[in-house]
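Using the sequences and the accompanying hints, generate a full structural model.
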Amino acid sequence: MEHDNRNRSENVFSTKIRAGRRRTYFFDVRTTKSNDYYLTITESKKRSTGDGYERHKIFLYKEDFNKFLEEMGTAIDYIKERMPDFDFDAFNHRYDDEYGDEQSGDYRSGDSNEKNTAPPYVAPTA
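Numbering (numbering that gives the first Met the number 0), first residue to last: 0 to 125.
Hints are not guaranteed to be accurate.
[To be verified] List of simulated lysine to any residue pairs, SDA-like, C-alpha gap at most 20 Å:
#1 LYS56 with PHE25
#2 LYS56 with GLU70
#3 LYS15 with THR39
#4 LYS79 with PHE90
#5 LYS56 with THR30
#6 LYS15 with TYR60
#7 LYS15 with ARG54
#8 LYS56 with ARG17
#9 LYS32 with PHE67
#10 LYS61 with ARG17
#11 LYS79 with PHE67
#12 LYS15 with THR48
#13 LYS66 with ASP27
Hints in this document: simulated from the structure, not taken from any laboratory.
Please read these numbers as outputs of a predicted model, since none were measured by experiment.
Okay, structure coming up:
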């Protein structure tokens, strides 16, 4: 049986964040049938039973990018203001893809020469 791939969106850019040994966040830029772009954010958590992963997705469309970033920045700022003694920068480390161990440098696996060219997140100012 042949599958019709015309209805599938094409993945044009991907990056990920390893967040400990059991959780990974994926950021995938995809195209629509009309050659528009949207972002999927996926949280993937290894099940404690070891039998696979739980996945949760957010689909974010271009008309919502600025509002999403603004409100995410507002929520993060709210937390940081209420936790002035907490060192959020202490968690700026990467994890080895296979074992979840900390490592420095590029955290992508494989021989890909693809570089993450996305600018760092900057919270919007009011």
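Which hints from the list above does the structure break, by number from lowest to highest?
As far as the earlier hints go, 9, 10, 12 are violated by this structure, in ascending order.
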